[in-house]
Amino acid sequence: MIFTSGATESNNLAIRGVAEFYKDRKNHVVTTMTEHKCVLDTCRHLEQSGFEVTYLPVQKNGLVDLEVLRNAITDRTVVVSIMAVNNEIGVIQPLEEIGKICREKKTFFHTDAAQAAGKIPLDVEKMNIDLMSISGHKIYGPKGIGALYVRRKPRVRLVPLIVGGGQERGFRSGTLPTPLCVGLGEAAEICAKEMDGEAKRLKKLQERMLKGLNDKLSDIVVNGDLEQRIPGNLNISFAYVEGESLMMGIKGLSVSSGSACTSASLEPSYVLRALGVEEDMAHTSLRIGLGRFTTEQEVDTAVDELVRHVNKLRAMSPLWEMAQEGIDIKSIEWAAH
Amino acid sequence: MSAAYAYLDHNATSPLRPVALDAMVEALRAGGNPSSVHRAGRAARARIDRARRQVADLVGALPAEVVFTSGGTEANNMALRGAGRRRVLVSAVEHESVLKAVPEAARIAVDGDGVVDLAALERMLAEGPALVSVMFANNETGVIQPIAEIVRLARAAGALIHCDAVQAAGKVAVDLHGLGLDYLSLSAHKLGGPPGIGALVVRADAPFATDRAGGGQESNRRAGTENVGGIAGLGAAAEASRSGLDGVAGMRDRLEASLPGRVFGAGAARPPNTTCLSMPGVKAETQVMALDLGGVAVSAGSACSSGKVSRSAVLAAMGIDPAEAATAIRISCGWNTVFEDIERLIAAWQGLYIRVTQSDISQRAA
Amino acid sequence: MSYSEKLIDHYENPRNIGTLDKNSEDVGTGLVGAPACGDVMKLQIKVGADGLIEDAKFKTFGCGSAIASSSLVTEWVKGKTIDEAETIKNTDIAKHLALPPVKIHCSVLAEDAIKAAIADYRAKSAKKDDITDTRSDSGHEHAHPND
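Protein chains in written order, with numbering that gives the first Met the number 0: chain A, 0 to 336; chain B, 0 to 365; chain C, 0 to 146.
Every clue listed holds true.
Computed footprint of chain C on chain A; a stretch qualifies when at least three of its residues, placed anywhere within it, have a C-beta under 8 Å from a C-beta of chain C:
hint, region
1, 237-250
2, 274-284
3, 312-325
Quick caveat, the hints were computed from the structure, so don't treat them as lab data. The structure presented is a predicted model; accordingly, all values stated were derived computationally and were not measured. Where is the CB? At the ideal position from N, CA and C, for every residue including glycine.
Make the full structure from the sequences, and use the hints.
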């Protein structure tokens with residue numbers, strides 16, 4: 000375990016570090032179209048320095064197709080980087096199967112587990128994970144700290160990104176931020192202890208929320224697989240209601256449209272687009288995150304607030320009006336602007 | 000600090016200032032991802048904006064020029080790689096995070112006090128466009144470089160200039176625009192902020208390319224969710240340290256006048272807090288352990304290579320004889336040092352020196 | 000991103016939400032934007048016999064700034080002639096609501112919406128005028144828009 004400044008750095012270090020180290024023999028990286036931006040961006044940097052990158056599509060449920068993965072790996076593939084849990088839609092990739100394929104094909108398996116650690120059981124041995132990124136603040140630890148697991152047997156070698164005093168076995172220089180390391184460690188311990196119970200509790204809340212919304216609203220769609228999904232996530236398209244306007248209304252609730260990194264931008268989520276969600280529906284989606292401090296009471300309040308504002312915004316939505324009149328909005332020739 | 004234990008190793012890490020701890024606790028309790036548009040996110044963003052102003056004010060920069068990093072090491076790495084110059088000139092006494100960032104960088108020689116040889120620099124600059132990286136104050140000796148003069152030479156030759164001000168910011172006046180620097184690194188935990196946070200200040204019109212891919216934070220200059228707690232702590236510490244460390248100058252002068260060892264870099268300008276001092280015939284490790292038992296924390300050289308004690312590259316570059324360099328310890332004061340700490344050090348140092356010189360035990364250096 | 004009080008007021012209490020009869024001759028309808036872009040505005044004006052805009056209604060699919068921009072223009076156009084309404088500029092809307100730079104396009108869309116509604120109204124009345132002219136010239140009564 001190497002301490003880093005966070006999952007972004009861990010992902011950069013894992014992918015770039017391993018690619019750079021083995022670049023004399025291998026020049027290919029496999030990842031998916033729904034990875035976190037920092038993985039996609041790292042891959043783009045690698046492309047600029049001569050690597051080939053395969054961005055695997057995902058299925059409509061957000062999961063990677065294992066046969067497509069198997070066929071994408073060549074003897075020049077240095078690393079397969081597939082996230083454990085998606086940050087926007089919460090779907091869980093089949094890590095054990097992916098790890099098995101990578102081991103068979105003799106390529107390293109990196110997984111961005113920022114959204115998975117502490118929420119689902121992870122086992123680097125069973126899942127054949129060679130590199131795994133973890134974030135402090137996604138497991139109720141502090142921001143500014145993360146970790147990268149680097150397998151020792153068989154040994155994975157990396158070119159460090161940050162050099163200097165040689166801390167962290169030379170993989171990551173810089174004075175260790177002791178308070179942050181302690182915070183991450185404690186948070187990890189608590190998560191490990193409470194994971195099972197917490198998952199059950201969140202599952203109930205997730206179901207409660209979804210039932211509440213479905214009972215009172217029509218035309219809502221959950222994006223991503225509902226079964227292979229962490230219970231703390233719901234990503235919902237509220238048809239005919241633009242996501243940002245909905246967020247502005249539900250003032251007592253903190254949710255996001257798209258991922259936080261990019262929510263200040265106006266483009267619809269690339270993750271939803273990769274799932275094949277139409278652009279107009281992608282604009283109506285909200286990511287709702289439930290966690291250890293979320294109560295049943297809060298879920299009920301959230302449902303009420305969402306229902307109230309969705310209804311209010313639909314009443315002023317020209318698209319909702321058309322849908323009620325039976326007009327197919329796809330039949331209209333919209334001017335681009 | 001209570002006189003029961005005198006912490007005189009501020010150049011390794013300075014204790015957290017209470018104002019910094021308060022700012023951190025407040026930010027950590029509030030939470031929020033500063034990129035989120037909801038109110039929790041916006042509140043976190045506001046804390047970062049405030050800290051950015053506080054850091055900018057400390058080093059004479061504009062808030063938009065401040066890029067938060069995970070510390071001085073990352074800031075130095077980023078500057079040397081991000082300036083985009085293939086030819087890099089570094090002084091021979093730089094921190095390892097500068098030396099190792101560009102291993103092939105040419106080394107600028109220093110004189111016996113550890114001050115950059117300006118004539119040598121000028122000759123090297125004449126060979127073509129370069130990035131010059133020279134630290135403000137040395138971590139081991141405290142020696143302050145003639146930055147204004149170095150900038151003048153670098154500018155005349157069309158070079159870019161980075162300054163590692165990790166050991167200077169908050170101790171002596173540092174002014175990015177006043178000096179004409181392009182890049183400046185600083186670290187929070189060297190000025191009473193928390194570890195795990197620092198900044199690279201990039202002058203608005205200086206070229207800079209990031210190699211950290213991700214979510215586009217810090218205006219696309221450093222990806223990764225901002226360490227809001229750390230940033231708030233850095234901001235508060237930066238503001239608190241604007242008054243400098245002039246108060247400790249008298250303490251340093253007192254200890255240097257009281258102890259007979261050689262002070263390295265004594266002929267050069269130094270910040271008021273750092274003394275690199277030899278105890279003739281006694282290995283630095285022995286001194287560190289004995290002083291620790293005597294209730295005083297100091298260090299042998301820099302603390303980075305924690306545990307392993309190797310020969311100081313800084314003292315070697317100054318032409319100090321290896322046997323003498325092996326007897327050098329670093330005493331560094333800080334914002335909470337009091338005269339009692341210095342008295343404790345003086346007593347412990349003298350006690351050790353007398354024991355060793357009188358008993359001729361085998362701890363003598365070779 | 001923080002929003003002005005005026006913008007939040009228009010978002011929370013939008014004025015003139017609703018629909019006018021788009022088939023009516025004195026109603027002009029503008030529908031601009033596209034669902035795939037995240038904004039659609041429908042803006043309607045009703046012009047009285049005196050040539051003044053006597054009513055305006057809107058419906059908007061879009062962010063809070065888009066809703067506020069369209070709500071604002073319905074207020075502004077009421078009581079104006081269509082020539083006056085046509086002079087409303089997106090910059091005035093953006094300034095009044097203190098739109099952040101990334102939201103300027105909402106005000107552009109609102110200006111487009113009012114222009115489109117006016118154009119629709121003008122097209123209808125031109126048609127009507129044509130018919131009226133034909134009627135008076137020929138003296139026949141069989142001419143009807145639906146013929």
